[in-house]
Amino acid sequence: MLKVSIHAGLLNERKPENVMASVDIAYQKKEALADYLIASTVRQEGERKPQVLTNYPRWSGSLWDLAARALARSIYGEAKVPPSATPDKRCAYATRLCAVIEHHTKDERSQLLGHAELWQQGPARGVYTVALEEDILGKREARFEYGAKRLDALDLVMRGLCWALFQQDTPGPRPKLILPTCIRVADEDRFDVASLAEPARSGFARYLAATRPTVAPTEWAAAKDYVQFLMEA
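Take 59 as the starting number for the sequence shown in my numbering and just add one per residue.
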């Protein structure tokens, strides 16, 4: 399961006491095009109605892309995400927030996969900078404007993620499933591992290293192994 936690303050200020909201992203159907169950909890509000994000391609895009869509689904359900309002001098605002993505296992261990910081830029209300970082795809940064009469941490972070990923305040087209071009070699479909785009290339290499530690890495992989990776990793 993935957990997105939003905190008041920057990363060096993160602690359990300043969690503003959290979103759990768990598999409802684990396949190449997966379905995710989205469960969010907001401080001083409680749990929101669970939602489902369907047909999302595994290992084909940024973890923050998945997080942005999960937050959008939690806030707006199946409705189209509307553009955000133009901020004014009376809008609610946050001076600084951070968000982290962690992978939680059944034995309650967690691994940090990505983090984001969002802070107000300059003296004007509603002008923010957002900086993202994640395990495989690295760093992104954007500047944007956001303002509302009531501060909604989930919506503010979702808008920041969208600006960093899509250069707009709503989610862009979902990633396409990364599928390699295969050729028949010795009665087996194979492909060039270097032809895979990230994050699939690094994810596939890690999967093979973890599941077949005694087998030397290969540049010419079997298609059936990639299918297994998409279904299981």
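There may be inaccurate statements among the hints.
EDC-like mimics (lysine to aspartate or glutamate), calculated; alpha carbons at most 16 Å apart, straight line [stated by the list, open to error]:
#1 K282 / D227
#2 K61 / D227
#3 K73 / E105
#4 K107 / D146
#5 K234 / D82
#6 K282 / E256
#7 K164 / D82
#8 K234 / E256
#9 K138 / E256
#10 K88 / E290
#11 K61 / E136
#12 K87 / E290
#13 K282 / D247
#14 K207 / D146
#15 K73 / E160
#16 K61 / E89
#17 K107 / E136
#18 K61 / D245
Derived DEER-like restraints, expressed as beta-carbon distance ranges [claimed, not checked]:
#19 K138 / A267: 18 to 26 Å
#20 R201 / A267: 15 to 23 Å
#21 P231 / V285: 41 to 49 Å
#22 E75 / R242: 53 to 61 Å
#23 D165 / L95: 33 to 41 Å
#24 N76 / R270: 37 to 45 Å
#25 C240 / N76: 29 to 37 Å
#26 L170 / K138: 27 to 35 Å
#27 W278 / D146: 38 to 46 Å
#28 T272 / L95: 46 to 54 Å
#29 A244 / P275: 56 to 64 Å
By construction, these hints were calculated from the structure, which means they are not laboratory data. Quick reminder that beta carbons are idealized off the backbone N, C-alpha and C, glycines included.
Hint by hint, here is what the structure shows:
no.: 1; hint: K282 / D227; in the structure: violated, 39 Å
no.: 2; hint: K61 / D227; in the structure: violated, 22 Å
no.: 3; hint: K73 / E105; in the structure: violated, 20 Å
no.: 4; hint: K107 / D146; in the structure: violated, 31 Å
no.: 5; hint: K234 / D82; in the structure: violated, 23 Å
no.: 6; hint: K282 / E256; in the structure: violated, 19 Å
no.: 7; hint: K164 / D82; in the structure: holds, 14 Å
no.: 8; hint: K234 / E256; in the structure: holds, 12 Å
no.: 9; hint: K138 / E256; in the structure: violated, 28 Å
no.: 10; hint: K88 / E290; in the structure: holds, 8 Å
no.: 11; hint: K61 / E136; in the structure: violated, 21 Å
no.: 12; hint: K87 / E290; in the structure: holds, 11 Å
no.: 13; hint: K282 / D247; in the structure: holds, 8 Å
no.: 14; hint: K207 / D146; in the structure: holds, 9 Å
no.: 15; hint: K73 / E160; in the structure: holds, 14 Å
no.: 16; hint: K61 / E89; in the structure: violated, 20 Å
no.: 17; hint: K107 / E136; in the structure: holds, 12 Å
no.: 18; hint: K61 / D245; in the structure: violated, 43 Å
no.: 19; hint: K138 / A267: 18 to 26 Å; in the structure: violated, 41 Å
no.: 20; hint: R201 / A267: 15 to 23 Å; in the structure: violated, 39 Å
no.: 21; hint: P231 / V285: 41 to 49 Å; in the structure: violated, 24 Å
no.: 22; hint: E75 / R242: 53 to 61 Å; in the structure: holds, 59 Å
no.: 23; hint: D165 / L95: 33 to 41 Å; in the structure: violated, 20 Å
no.: 24; hint: N76 / R270: 37 to 45 Å; in the structure: holds, 43 Å
no.: 25; hint: C240 / N76: 29 to 37 Å; in the structure: violated, 49 Å
no.: 26; hint: L170 / K138: 27 to 35 Å; in the structure: holds, 32 Å
no.: 27; hint: W278 / D146: 38 to 46 Å; in the structure: violated, 59 Å
no.: 28; hint: T272 / L95: 46 to 54 Å; in the structure: violated, 36 Å
no.: 29; hint: A244 / P275: 56 to 64 Å; in the structure: violated, 19 Å
In summary, the structure is inconsistent with hints 1, 2, 3, 4, 5, 6, 9, 11, 16, 18, 19, 20, 21, 23, 25, 27, 28, 29 from the numbered list given earlier, while agreeing with the others.
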